[in-house]
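J.: Just so you know, the sequences run in chain order A and B. When we follow full-length UniProt numbering, the leftmost residue of the first sequence carries the number 1, and every step to the right adds one. When we follow full-length UniProt numbering, the leftmost residue of the second sequence carries the number 1, and every step to the right adds one.
You may find that some hints are simply not true.
If chains are identical, the list can't say which one is meant, so a pair holds when it fits in one copy or spans any two.
Mimicking SDA-like on lysine to any residue, the simulated pairs with C-alpha atoms at most 25 angstroms apart in a straight line are [unchecked claim]:
(1) K582 with V518
(2) K142 with F311
(3) K2 with H588
(4) K527 with P67
(5) K359 with D389
(6) K76 with K504
(7) K420 with A319
(8) K142 with Q9
(9) K152 with E255
(10) K2 with I253
(11) K263 with H31
(12) K402 with D159
(13) K87 with A8
(14) K582 with D389
(15) K527 with R214
(16) K142 with D156
These are calculated hints, taken from the structure and not from any lab test.
Each chain is listed here by its residues.
2 protein chains.
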Amino acid sequence: MKSSHHCAQLTPSALGASVSLVGWADSIRDHGGILFIDLRDRKGITQVKFDPHVNAELAAQAAQIKPESVIGVSGKVVARPEGTVNKNIPTGGIEVDAIALEIFNISDTPPFPLDDIGGDKVNEDLRLTYRYLDLRRPKMRKNLQVRHKATKAIRDYFDSQEFIEVETPALFKSTPEGAREYLVPSRIHAGQFYALSQSPQQFKQILMVAGVERYFQIARCFRDEDLRADRQMEFTQVDVEASFIDREDVYRIFEGMLKKVWKEVLDVDIPTPFLRMPFVDAMNRFGVDKPDMRFGLELQDVSSIFTNSAFKVFQSTVAGGGVIKAINAKGLADMTQGEIKALEDIAKSLGAKGLAFIKSENGEWKSPIVKFFSDAEKAALTEQLKIEDGDMVFFAAAGWEKACAILGRTRLEAAQLLVKRGKMTIRHDDWKFLWVIEFPLMSFDEENNRYVATHHPFTAPVAEDAQYLDSDPKRVRGQHYDAVLNGMELGGGSIRIHQPAIQKKVFEDVLKIPADVVESRFGYMLKAFTYGAPPHGGIAFGLDRMCALLCGTTSIRDVIAFPKTQKGQDLMAQSPTPVTAKQLKELHIQTVIPQE
Amino acid sequence: MKSSHHCAQLTPSALGASVSLVGWADSIRDHGGILFIDLRDRKGITQVKFDPHVNAELAAQAAQIKPESVIGVSGKVVARPEGTVNKNIPTGGIEVDAIALEIFNISDTPPFPLDDIGGDKVNEDLRLTYRYLDLRRPKMRKNLQVRHKATKAIRDYFDSQEFIEVETPALFKSTPEGAREYLVPSRIHAGQFYALSQSPQQFKQILMVAGVERYFQIARCFRDEDLRADRQMEFTQVDVEASFIDREDVYRIFEGMLKKVWKEVLDVDIPTPFLRMPFVDAMNRFGVDKPDMRFGLELQDVSSIFTNSAFKVFQSTVAGGGVIKAINAKGLADMTQGEIKALEDIAKSLGAKGLAFIKSENGEWKSPIVKFFSDAEKAALTEQLKIEDGDMVFFAAAGWEKACAILGRTRLEAAQLLVKRGKMTIRHDDWKFLWVIEFPLMSFDEENNRYVATHHPFTAPVAEDAQYLDSDPKRVRGQHYDAVLNGMELGGGSIRIHQPAIQKKVFEDVLKIPADVVESRFGYMLKAFTYGAPPHGGIAFGLDRMCALLCGTTSIRDVIAFPKTQKGQDLMAQSPTPVTAKQLKELHIQTVIPQE
């Protein structure tokens, strides 16, 4: 049996028509001996009726059907009796009076409910083990659709801008100095390995040298990192690179892409151009390089108030070159001891000694530190932080970057507490895009006593800062940019170095990578650059993360058809697994199982 | 400097305009002190003029430019003097009188010429080592464009047919019974491995169980096979699956896709529906399951002529159940001894004892075997094979499949010899599509004394043959289909088994796979099928191969940006490589280098 219509198609305009439908038995109800089956396909649901008074044999056959069985039904479209019309679905005015039935497959009883609410309560491991059932839930079906639509919109956009998609290899060379990578032993070359590509960065720059000019790729990437909630062993990256462009071009191209995606997937117009915020401002105001701008609670620098304070902790921090940052969590004076303790623990995990606070409640300041403050200091704080009754103020006293980071995190936690209390609303679809720009090109790695590239060593310095590459590398800003949405880094990129001599200098003189390592790892790129490399730059962003934001979910596993667990396991197909001795022998390796 | 136009844009309609162009110095010519540079970007070429009489300083600067350097030029569009107009390119009527020059990067001298003809003569290893230069050649640039266009057309087509693209994992579980796979050691699970996905076959069937109904994916796949001319370690597969469909639906969907691709990429209308040919006919007529139908030279069965022959080799073959196949290579009687010997060697490599032939030359048959033929046999041969003077006839006497295969290969070789002699034309753009259908579901593996699936164990039997699954498996035809173009298998697929009991029976009773292996390898699929699996089927085809055919090249390496060599090496970036002891320790493996 084949379908004449899909299950969201039949409306009262089809009354009297002979139709056939195929799909899954979504729900089955018996009303006084008459069997009603909601038949579901990927488009929707249509109610089918089996009446034993009309056809006893057919109704008996239909009685064997269990939920989630696959069936085909042909019959006549009839109006539902008054009072049984379902106005929530397009097919709610009709039902199909069954004349024939084909049972393709009977289903066992699913191990968990397949509706959105029931399924969401289920342990995720169970959902992943039975992913084929989990993916039947309306929410998950929608997520796969959104991902398809978003991906299509991205490809259509870049095609319209004359970018061409070029595939680059997954089997690449090992670069042990970088992030941890997956290795693939070679059978032909005993003792040698490929590494799974962590990103097409080097290949895309090579494509610019090849004269492709406008490249993009939606590429699978692999990183053997410790998996967190929003990480997967393999992830999908939208990777873009173009020649003869500057930062303004990248902003325009990427904003245009996001505009199209948001329009086509959500029918939302996002305003462009995006706000641009230097890294220093992002840290100062939000304590993080990916600020969530859906709410305020901005950080304040109150260092100048405490320059000569009697509160030695603050005074000495300022004297030592540090800063005092503060945040007024408006209306959060009702925080419990437990909540304050939890926040303090987070601050400590970020390197704070504690988390000083002022609770402004019933006309007085409750605080372990306020007794050290002068009246002038109190007045200045009240003025600068606009402290009112009911407010909760937090302080961090430390070096600039650490103080910002501590209060940046405090800000996010405070916002969550306000949301919990109904005092603040943060909507997932309140889209606050921005560019964070002017990152430092290098940061100093205390442990190894050398500079490291903040993003990667191919980023070009800002032109006017290049003169400080030797004398004061920390002062040099990079032509790097991050696209940020609602506290998440959507993507990042940079204008690259295209002159081989400068690239070599950055590798060897600034980053102090030994010349032989530079040669073995990047020698081929430096060589390529001597054959006419154009100025170029680009951006890369995580498709999984973007789809999660579009779907309003916090987990990228909800937008990946077959994700692995946080321990890297495929619970459905069961991997990884031991392999045979023959396989290992062919690959010239053996396993070394650590002793307990 | 940024461009105002691209290098294929300026025509006499722009005379007098001030423009700027960026790109590569394609060629540099000095005519009486005046420097002419062909500036090239991805779109085309524009001639730029530096006249020292107009601006000596600028001309001196331009004189430093070497071919393949990257430059920006601004200037005025002027008409070329009469007699110097190049009518072969759209910009051939104008040139740009340079006013300013920016040199972005000077190029070293490329190690090989970057034109199509010069580059084609270069050793391929050199091209792969300097792939960024090889990809600048017009032919390779076009190939990347064609690949992008074809891929885009495929995605647009499936989207228009309401298929959604779903990504499936590359890191899958090892299934050592199948083709050789790449293994990836797990760091978290000591002693365990992932395998790189050889195809999304199992995931796409699971997606059908999940109710996706219409899935496609352009997926990277990995096989550790011995690399031949048309194989790569990683390749790109267009993978399609749909529910509630039959073979006719698949033919229609896939033909529609190819129609769109050929139209959009080549502006060629290919006629549909395609010819359909049962496997048995393909073997009988062309000696192969992927017939090249651009030329005739069909195989003939001449067994009946030799039933009672005095030529015992033929007679006993027929008596023993074998066949005598023959092919008349019209006009090839001028084959040399060397050519005949080479063809005989090929036949022997396919299991033939020799390659019997008749050379019909100057009114007589020259042949080592014809002396054994009766006049009646000669007359019957002449009649059936339409032997004329100048023809060359080959015979194979063997079991049906072997005889077909030997002459199928002979047919291809003979065609090449006729092409070489100018007696036959085979155009790469003479598109002869067909479906080969009705393959046997199983074939008997003599070595292991059991049946094996001809394609894969998920293929459903043809309904009317299913009754012979137990009694006579060889008689059962599968619902498999191959799409063939000009002697190449473009793709293949099947309608799958969707009933868990039948699938289990095929695994265990027909293919005799031990129950524990079935459980560990396919247990999750059999389980999934008990929860409402719809009837489904699909197709998969190699994108690299299709692009090679579209580009008229015989090597898939010409349509892959960064292919590996036949020894699996990346000659540009240099991989595979040894890795550090630390890396191996983290992955709980060590290498075992075989002794010389």
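J.: Sort out which numbered hints this structure fails and list those numbers smallest first.
T.: Failing hints, ascending: 2, 3, 6, 7, 11, 12, 14.
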